[in-house]
Structure formats: C-alpha cells, structure tokens
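2 protein chains.
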Amino acid sequence: MLSALKVKLTYSIKLNTIQALKLSELKQDELGQWRRTHYSYEVNVSLTGREVIVMGWVSTIRDHGNTQFIVVRDRYSDVQVVAKKSECTEQVFEQIRQLREHTTLAVRGKVRSQQKAANGAEVIPLELKIFSIAKKAAPFLVQSKTLSVGIDTRLNLRAVDLRRNVLQSVFHIRHTTLNTIRDFLVKQGFIEINTPKMIATATEGGATLFPIFYYDREAFLAQSPQLYKEQLTMAFENVFEIGPIFRAEPSRTNRHLSEATSIDVEQAFVDYNDIMSLLERMISHIVDSIKEKNSNDLDCLGLELPNINLPFPRHSYSNLINKLQAIGETIKWGDDLSPQIMKNLPDETMNAFYFITDWPTAVKPFYVKPKSVGSERLCESFDLMYRSLEISSGSTRINRKDDLLERMRKQGLNTQAFDYHLRVFDYGVPPHAGFGVGLERLLMALTAIENIRDVTLYPRDIDRLTP
Amino acid sequence: MLSALKVKLTYSIKLNTIQALKLSELKQDELGQWRRTHYSYEVNVSLTGREVIVMGWVSTIRDHGNTQFIVVRDRYSDVQVVAKKSECTEQVFEQIRQLREHTTLAVRGKVRSQQKAANGAEVIPLELKIFSIAKKAAPFLVQSKTLSVGIDTRLNLRAVDLRRNVLQSVFHIRHTTLNTIRDFLVKQGFIEINTPKMIATATEGGATLFPIFYYDREAFLAQSPQLYKEQLTMAFENVFEIGPIFRAEPSRTNRHLSEATSIDVEQAFVDYNDIMSLLERMISHIVDSIKEKNSNDLDCLGLELPNINLPFPRHSYSNLINKLQAIGETIKWGDDLSPQIMKNLPDETMNAFYFITDWPTAVKPFYVKPKSVGSERLCESFDLMYRSLEISSGSTRINRKDDLLERMRKQGLNTQAFDYHLRVFDYGVPPHAGFGVGLERLLMALTAIENIRDVTLYPRDIDRLTP
Numbered sequence: 010m011l012s013a014l015k016v017k018l019t020y021s022i023k024l025n026t027i028q029a030l031k032l033s034e035l036k037q038d039e040l041g042q043w044r045r046t047h048y049s050y051e052v053n054v055s056l057t058g059r060e061v062i063v064m065g066w067v068s069t070i071r072d073h074g075n076t077q078f079i080v081v082r083d084r085y086s087d088v089q090v091v092a093k094k095s096e097c098t099e100q101v102f103e104q105i106r107q108l109r110e111h112t113t114l115a116v117r118g119k120v121r122s123q124q125k126a127a128n129g130a131e132v133i134p135l136e137l138k139i140f141s142i143a144k145k146a147a148p149f150l151v152q153s154k155t156l157s158v159g160i161d162t163r164l165n166l167r168a169v170d171l172r173r174n175v176l177q178s179v180f181h182i183r184h185t186t187l188n189t190i191r192d193f194l195v196k197q198g199f200i201e202i203n204t205p206k207m208i209a210t211a212t213e214g215g216a217t218l219f220p221i222f223y224y225d226r227e228a229f230l231a232q233s234p235q236l237y238k239e240q241l242t243m244a245f246e247n248v249f250e251i252g253p254i255f256r257a258e259p260s261r262t263n264r265h266l267s268e269a270t271s272i273d274v275e276q277a278f279v280d281y282n283d284i285m286s287l288l289e290r291m292i293s294h295i296v297d298s299i300k301e302k303n304s305n306d307l308d309c310l311g312l313e314l315p316n317i318n319l320p321f322p323r324h325s326y327s328n329l330i331n332k333l334q335a336i337g338e339t340i341k342w343g344d345d346l347s348p349q350i351m352k353n354l355p356d357e358t359m360n361a362f363y364f365i366t367d368w369p370t371a372v373k374p375f376y377v378k379p380k381s382v383g384s385e386r387l388c389e390s391f392d393l394m395y396r397s398l399e400i401s402s403g404s405t406r407i408n409r410k411d412d413l414l415e416r417m418r419k420q421g422l423n424t425q426a427f428d429y430h431l432r433v434f435d436y437g438v439p440p441h442a443g444f445g446v447g448l449e450r451l452l453m454a455l456t457a458i459e460n461i462r463d464v465t466l467y468p469r470d471i472d473r474l475t476p
Numbered sequence: 010m011l012s013a014l015k016v017k018l019t020y021s022i023k024l025n026t027i028q029a030l031k032l033s034e035l036k037q038d039e040l041g042q043w044r045r046t047h048y049s050y051e052v053n054v055s056l057t058g059r060e061v062i063v064m065g066w067v068s069t070i071r072d073h074g075n076t077q078f079i080v081v082r083d084r085y086s087d088v089q090v091v092a093k094k095s096e097c098t099e100q101v102f103e104q105i106r107q108l109r110e111h112t113t114l115a116v117r118g119k120v121r122s123q124q125k126a127a128n129g130a131e132v133i134p135l136e137l138k139i140f141s142i143a144k145k146a147a148p149f150l151v152q153s154k155t156l157s158v159g160i161d162t163r164l165n166l167r168a169v170d171l172r173r174n175v176l177q178s179v180f181h182i183r184h185t186t187l188n189t190i191r192d193f194l195v196k197q198g199f200i201e202i203n204t205p206k207m208i209a210t211a212t213e214g215g216a217t218l219f220p221i222f223y224y225d226r227e228a229f230l231a232q233s234p235q236l237y238k239e240q241l242t243m244a245f246e247n248v249f250e251i252g253p254i255f256r257a258e259p260s261r262t263n264r265h266l267s268e269a270t271s272i273d274v275e276q277a278f279v280d281y282n283d284i285m286s287l288l289e290r291m292i293s294h295i296v297d298s299i300k301e302k303n304s305n306d307l308d309c310l311g312l313e314l315p316n317i318n319l320p321f322p323r324h325s326y327s328n329l330i331n332k333l334q335a336i337g338e339t340i341k342w343g344d345d346l347s348p349q350i351m352k353n354l355p356d357e358t359m360n361a362f363y364f365i366t367d368w369p370t371a372v373k374p375f376y377v378k379p380k381s382v383g384s385e386r387l388c389e390s391f392d393l394m395y396r397s398l399e400i401s402s403g404s405t406r407i408n409r410k411d412d413l414l415e416r417m418r419k420q421g422l423n424t425q426a427f428d429y430h431l432r433v434f435d436y437g438v439p440p441h442a443g444f445g446v447g448l449e450r451l452l453m454a455l456t457a458i459e460n461i462r463d464v465t466l467y468p469r470d471i472d473r474l475t476p
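Line by line, the protein sequences are chains A and B.
Counting from 10, one number per residue, gives the positions in the first sequence under our numbering.
Counting from 10, one number per residue, gives the positions in the second sequence under our numbering.
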C-alpha cells in the first residue's frame with residue numbers, strides 16, 4: 010500500500026518543495042503567506058508523516074460524531090481530511106464540523122497512510138483557512154455521474170456545475186484536443202492567424218447574421234474566417250485559426266449554438282483530396298492523444314475510444330442519394346442530406362467517421378471550386394461526418410477572379426459588396442483548399458455527449474445570453 | 010559551395026521524396042497532378058541535377074534579352090529560375106518573358122549550382138504552370154525593407170502587402186509568441202478556455218461597448234473575458250484564453266484597435282505577486298523562443314532582442330507620482346499615468362519591461378482587491394509596461410461576494426445586472442489573481458513596430474471595417 014500511497018498522493022497534491030510555512034495572524038479568509046504545497050510528479054517521496062498544505066473545495070462531508078470526514082477536491086484529485094476530536098484542536102474540529110459542501114479552503118495537516126481513502130492516504134488537520142464559505146446548497150450533486158439534472162438549472166450556475174467530475178473530464182479532453190490540433194498543424198508548417206470578427210459583408214448569405222453597431226455604421230459578426238483565410242494563403246500559404254464564429258441560428262436543437270469555436274485550416278498548392286487526407290490524419294492524432302493523456306477522463310465518462318483506421322471511408326453524394334432512393338426514401342439529387350435521413354442508411358462504414366464527397370455545386374458556397382469541364386454540376390467538396398453528425402466541411406476553392414465572379418452572380422450575390430475581397434485576386438492567389446471543423450461537434454463525437462451545450466463552457470443559443 | 014547549396018536549397022524547397030511526376034493535359038491554371046517537391050530539412054542530399062517542382066509567386070523579374078531571371082518566392086525562401094533561350098523550350102521562354110510580379114506558378118525544372126544566386130543554386134525551367142496571373146502592378150514594392158508606403162494603401166490590399174519580407178517576419182514572430190505562451194502556460198498546469206464574446210452586461214462600464222442585435226434583445230461584444238475567467242477558477246483553478254476582445258475606442262492612435270487579441274490568464278490560490286512572477290517568466294520565455302526560432306526574421310527587421318533579466322523592476326504608483334512631481338510635472342496622486350507623461354521620467358530601469366504596482370483602488374475596476382485593512386485606498390494591482398507602452402494589467406481579485414458588492418456600489422454599478430456573475434460567489438470562489446496581455450501591444454514591444462495596425466493582419470479601428 011505504501012507505494013500506491015506514494016504514487017497517488019504525489020499525483021494528487023503535486024509538489025516541488027515544501028515551502029517554509031510562515032503562518033501569521035491574517036484574516037481567516039485571506040491567502041496571506043499560505044501557498045499550496047507542490048511536489049513534482051516525478052519525485053517518489055513518501056509523504057507519510059509530512060506536513061502539507063492542501064487547497065481546494067469541499068466535495069463531500071460525513072459527520073460521524075467524534076470524527077468528521079471531509080474530501081477536499083483540487084484540480085488534481087481528492088484528498089480525505091479526517092478530524093478526530095482526540096487528534097485535533099477544538100477550534101479545528103469545530104471549523105470542520107461547520108463546513109458545507111463547495112466551501113473553498115486550505116488545510117495544513119499531516120499525511121497518514123489510509124487504505125480506505127480514495128488515494129490510500131488521508132490528512133490530519135492542524136490548521137484551517139476558510140477562503141470562501143458556501144452560503145447555499147447547490148441544486149445538484151457534484152458526485153452525480155450523469156448529466157440528468159435539467160441543463161437550464163445547471164447552466165444558471167455553470168461555474169459550480171463545471172466542478173462535477175463528468176464535466177471536468179469533458180473539458181480536459183477539450184484541452185487535449187485543442188493542443189493536439191495546434192501541435193499537429195504547426196508541425197505541418199501551418200502558421201497561426203487571427204482574423205476580424207467584425208465584418209462589413211456576409212460571407213455566405215445574410216440569413217443567420219448578428220448585426221452590430223460599428224460606430225456610426227452597420228456591421229456583422231463573422232460567420233467564419235473563410236475569405237480572410239483564403240486571402241492569407243497568398244502571403245503565408247498554410248494558415249490556421251481557432252476562434253469564435255457567430256450564427257443567429259433560429260432553431261432549438263442539441264447540435265447548434267449561436268456562438269461556436271471553429272478550427273479553420275487553409276493550405277496553398279493542394280486540392281480537396283490533400284485536405285481530406287490532412288483532416289483525417291489530424292483526427293487520428295487527436296484520438297491517439299486523448300487515449301494517451303486522458304485515460305482517467307475516459308474512465309470517468311465510461312468511454313473507450315475506437316481505433317482509427319485511415320483513410321476514412323469516402324462516399325460520394327450521388328452514391329448516397331442512390332442508396333437512399335434504393336431503400337425507399339423520398340429524396341432527389343440536389344437535396345441536402347439531413348441527419349434524420351442519414352440515420353436510415355444501413356451502411357456500417359457510416360457508423361464512425363466518414364467523408365461525403367463531390368456535392369452538387371449549387372448547394373455549396375460560391376467559393377467552392379466546381380469539378381473540371383463537363384462535370385461542373387459537381388464540386389470538389391466534402392463533409393466530414395461522425396455517424397449522422399456533420400463535423401467539418403471543406404473543399405478546393407476557386408482561385409481565379411473570373412470564376413469567382415461567375416459563381417457569385419449565379420448565387421445572386423452583390424459582387425460589389427465583396428470588392429475588398431475580389432481585388433486581391435488581381436495579384437496571383439494560389440490554388441488552395443481548406444476546411445472548417447466545429448470544435449464542439451467534434452467533442453460531441455469524441456465524448457459521446459449528446460447536447461452540444463454540455464461541451465461548451467458558457468453556451469449561447471436563441472434563448473440563452475447569460476451567464 | 011556545394012555544401013552551402015545542399016543546406017540552403019534543402020531548406021528553401023523542403024522535400025521528403027521526389028514524387029513521380031504525372032504531367033497530364035490539364036488546363037494550364039489547374040493544380041491537377043502537380044504537387045510541390047518536398048525534402049525534409051534533415052536530408053542532406055545534393056539537389057544538383059535533380060528535377061524539382063517549385064511553387065510560389067514571382068517576386069522579381071530581370072529581362073536580359075536572351076536570358077530571363079525570375080525569383081519565385083515561397084514560404085521558405087527565394088528560388089532563382091533562369092531561362093536561357095539556348096537552354097529551354099521556346100514555349101517556356103515565352104511564358105517566362107511574359108510574366109509579371111505577383112503571378113503564382115509552378116516551375117518544374119533542374120537544379121544547378123550557382124554561386125551568384127541567393128541560395129547558391131538556381132533552377133533551369135523545363136515546364137511552367139501558371140496558376141494565377143497578376144493582372145495589375147502592386148502599388149508598393151515587395152522588396153522594400155521599410156513600411157514607408159502609406160498604411161491605408163497597404164491595408165486596402167493587405168494580403169498582397171503581407172507578402173513583403175518585413176511583414177512576413179513580424180507574423181512569424183507573432184506565431185512563435187503565441188506558441189510559446191501556450192506551451193509555457195500548459196506546462197504550468199493551465200487549461201485552455203473559450204468564453205462567450207456575446208454578453209448581456211458590460212464588465213467594466215459601458216462607454217466603449219459595441220452593441221449587437223441578439224435575436225430580439227440587445228447584447229454587447231465582450232471587452233474582456235474577465236468575469237468568466239474568474240468564475241472558471243472555481244472549477245479549473247488555472248485557466249487561460251487567447252481570443253478577440255472588442256472596444257469601441259473613439260480615438261485615432263497608433264496603439265489602439267477596435268478589435269484586439271487578448272491573452273487572458275487567471276489562477277486560483279495565488280495573489281498578484283505570484284502572478285507578476287508568472288507573467289515576467291512568460292515574457293522571458295517568449296524572448297528566448299524568438300531568439301532561437303526567428304533569427305532570420307530578427308535579421309530582416311534589423312533587431313537584436315535584449316537579454317531579459319528577472320525579476321523586472323517594480324515601481325509603485327505612489328513612488329512614480331512622487332518622482333514625476335519632483336521633476337516638475339503637474340500630476341497629483343489619483344491621476345492616471347499617461348504615456349506622454351511617462352516618457353519624461355529619466356529612470357533607466359524604465360527603458361524596457363517594468364511593473365507599476367499598487368495603484369489607487371479608485372482607478373481600477375470593481376473586481377480588483379484592495380490591500381489589507383488600513384491600506385484600502387491602494388489595491389493589489391499592477392501594469393506591465395514596456396517603456397511608455399502598457400502591455401498588460403493584472404491584480405489579485407476579490408473572491409468574497411460582500412466585498413464585491415461593496416466595490417460595485419462604490420463604482421455606481423447596477424449590481425442586479427451582474428446577478429448571473431454574483432450568484433456563483435455563494436459557492437466558494439477561491440482566492441485568485443490574473444492578468445490580460447494585449448498581444449498586439451506585446452508584439453509592438455518585441456518587433457519595434459510603431460503602428461499597432463502593422464502587427465495585426467486585418468486591423469479594425471473607428472475608420473476601418475474592411476478588408
């Protein structure tokens with residue numbers, strides 16, 4: 010048990026050096042000279058008998074009369090604190106007896122081996138510092154493994170809700186996902202960009218735009234960095250941006266947000282086949298990374314991530330229409346493929362990640378490149394799907410001004426409003442292709458969470474603007 | 010010269026394997042089966058006599074009659090292409106003769122050692138593929154080392170402007186800066202967050218807010234993630250966000266933007282002294298990283314970054330007021346320290362990075378924690394300065410609801426409008442401290458660029474909403 014104690018406790022309270030404790034007569038709720046004890050993960054030192062300072066919030070309390078058990082949770086783990094009347098001062102015992110869940114505190118105490126405790130160890134309190142008292146009982150239990158409490162109740166106290174293990178795990182996985190994406194793209198020679206979110210013109214039609222007062226003018230919130238990232242391929246070739254996008258979605262669904270995080274990638278001198286290959290390798294890296302770094306979180310969520318086999322299956326749009334018609338669905342070539350209808354396809358290669366390629370040109374935005382002469386009614390485009398959920402959309406883009414103007418006119422767009430964009434096409438825009446991944450959609454696929462709001466820290470939708 | 014050729018050319022055109030060239034009868038301006046030749050940086054293989062495909066844009070053209078010199082620039086370097094009438098086909102010679110700067114193309118050709126060329130090598134063209142013809146001459150020279158052309162002319166064609174070496178270097182340094190910040194924070198145990206940009210209530214007063222139509226309601230663009238990042242310390246302890254912030258600045262200066270990139274950091278169980286230490290170590294890491302990874306860019310900008318000595322000098326606000334009064338400035342305790350007045354201080358410790366600490370409580374936002382009893386007119390706050398430029402602002406925050414309410418009332422804020430924020434303070438918000446760094450301000454300090462618009466890809470200000 011001793012080695013388990015060492016490993017688990019060094020993990021749980023993480024310390025470099027035990028700092029000299031200068032305990033002074035400060036107000037009880039101030040940090041003062043108190044600092045959390047830090048061990049490095051690597052130092053294999055037995056903590057038994059050592060004095061430590063644990064800082065965190067009270068996740069459970071058990072009152073056994075002359076013995077009080079509290080669990081202090083910090084971002085590493087849980088630490089059990091045991092106050093026995095016979096082992097601690099009256100003041101400390103009283104303080105602990107009066108605690109309430111969610112109270113944030115520091116405990117200075119001695120470590121003792123304890124097989125029954127979560128980490129094989131417990132802390133005997135010598136002194137407490139209450140930083141912030143919980144004044145109310147939270148309307149949900151932090152221990153609950155499910156998300157069954159009504160989401161609105163939880164979102165109204167989101168920061169408290171986020172203390173729950175299941176959401177902690179979701180956002181640790183989110184962190185790994187973002188890190189892995191950047192690492193992957195930077196290693197592939199991509200440069201990070203940030204483009205304006207306040208824009209003069211709608212990129213892809215004006216139906217779902219949020220208008221802004223921009224000083225004395227009207228402006229809009231960007232639905233995507235599309236045109237900017239395309240322009241920037243002429244200066245930097247390979248670019249990526251991870252940032253917010255804004256869509257005034259009028260619908261109430263479990264897969265739409267008014268504000269989402271988009272992973273936008275654009276590359277010069279490649280086409281949509283190269284970009285699909287880049288995207289599937291990126292997804293594969295993310296899955297590998299999560300398996301490696303988030304095994305505890307996967308356990309907490311009861312998840313086992315599938316092995317990713319590359320390449321992902323590729324289904325052409327036209328083939329899927331044929332298949333759907335063959336099973337009796339009323340759908341015709343040119344229609345969109347809704348999640349509802351996609352669920353009816355019995356193809357087992359569509360039970361994980363797959364691509365739908367070569368969409369009708371008419372259903373895709375003006376900047377998507379039609380296939381070569383004779384096949385222009387199809388375009389060099391793809392959607393990356395996870396089951397019936399759209400994760401990403403990408404394509405080869407048009408890089409010649411005349412072609413772009415023609416497509417804009419066909420879609421009834423006011424080409425003059427795009428002058429600031431079109432004018433750079435007079436100066437040698439390279440062939441390029443790219444994609445945008447909805448981070449929250451990807452997280453739904455990775456974590457098996459069904460409501461997009463639960464993979465978002467503070468979701469925005471037609472009904473919700475706070476917190 | 011041969012080894013120089015090897016090193017420089019492998020660097021400049023970067024290839025893994027020479028791909029089989031399947032040249033088919035495609036439209037001249039399509040990518041088709043053509044792909045850029047890639048070598049890895051490490052493979053020390055002489056390219057002399059090898060066939061390569063170079064892709065990029067034409068940065069210079071010299072016409073010597075029977076010999077045409079063009080320089081093709083890609084994101085790695087420049088490659089000289091030499092077309093002699095005696096060495097290439099008539100078609101290729103004619104194509105090259107008709108080129109214009111900024112045209113984007115691919116050149117299939119043979120590598121030859123050439124001491125006079127920039128990389129000690131040149132390419133003899135066998136075939137050209139013109140991707141995108143430049144239809145006009147750009148209103149500025151890409152070779153120009155200065156930014157002297159009027160910024161509005163350049164911003165109107167920003168993507169073309171960004172092809173210039175000096176701006177390429179600035180944005181390579183930006184890329185390194187962002188990467189280093191994330192690496193540093195992740196290693197310190199920070200988790201990445203993204204918080205909403207559409208919000209219901211102003212964080213720090215309403216003077217410089219952009220209003221939005223949020224469906225049927227009024228909302229605002231976030232001036233900072235302040236309240237969200239503070240809340241999230243209760244769930245994740247150490248958090249950071251790198252994202253856009255929006256301020257309807259009415260002024261026209263070289264140091265203000267309407268949309269900027271903010272690096273927001275917040276940490277639980279520490280105070281402003283810990284956070285100043287974290288921030289100065291972060292800056293030191295950034296400088297070290299740029300020196301290591303961007304030496305070419307520093308050369309291009311004619312910059313030598315100073316050695317960073319830690320800790321940065323710390324000057325208290327009150328001491329600076331005394332010093333300013335001593336040199337005859339008309340300033341009184343409680344006034345803000347303007348860049349104009351700061352320039353008059355003769356202190357040489359203020360010639361690089363330094364902190365101004367312990368500001369008057371009254372000039373700082375409501376969430377900044379006053380110092381302990383008896384010194385409440387000062388607060389636990391700091392600004393990080395670079396000469397007279399403010400780079401960052403930070404503080405210990407108030408973590409108790411009653412204290413927060415008191416400060417809000419003193420500042421005349423409507424506490425009800427902050428209900429969604431205040432309510433989480435009933436559940437044990439830990440002591441915490443944090444800072445926000447203006448990325449563009451930091452880049453001005455690092456690159457010695459004087460106009461903040463030039464360290465921003467697509468700047469926004471009171472006059473400019475496009476491109």
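Treat each hint with caution, since some may be false.
It does not matter which identical chain is used: a pair holds within one copy or between any two.
[Claimed, not checked] Derived lysine-lysine pairs resembling BS3-like cross-links, with alpha carbons at most 30 Å apart:
hint: 1; residue 1: K410; residue 2: K144
hint: 2; residue 1: K410; residue 2: K300
hint: 3; residue 1: K154; residue 2: K341
hint: 4; residue 1: K119; residue 2: K196
hint: 5; residue 1: K144; residue 2: K380
hint: 6; residue 1: K125; residue 2: K302
hint: 7; residue 1: K419; residue 2: K145
hint: 8; residue 1: K380; residue 2: K145
hint: 9; residue 1: K332; residue 2: K119
Think of the hints as simulated: they come from the structure by calculation, not from any bench.
Here is what the structure says about each hint:
1. K410 with K144: between (63 Å within a copy, 10 Å between copies)
2. K410 with K300: neither (45 Å within a copy, 40 Å between copies)
3. K154 with K341: The answer is neither: 44 Å in one copy and 58 Å across copies each exceed 30 Å.
4. K119 with K196: Only across copies: K119 and K196 sit 28 Å apart there, 46 Å inside one copy, limit 30 Å.
5. K144 with K380: between (64 Å within a copy, 25 Å between copies)
6. K125 with K302: Close inside one copy (27 Å), not across copies (51 Å); limit 30 Å.
7. K419 with K145: between (60 Å within a copy, 26 Å between copies)
8. K380 with K145: between (62 Å within a copy, 28 Å between copies)
9. K332 with K119: Cα proximity of K332 and K119: none, with 68 Å in one copy and 49 Å across.
The structure shown violates the earlier hints numbered 2, 3, 9.
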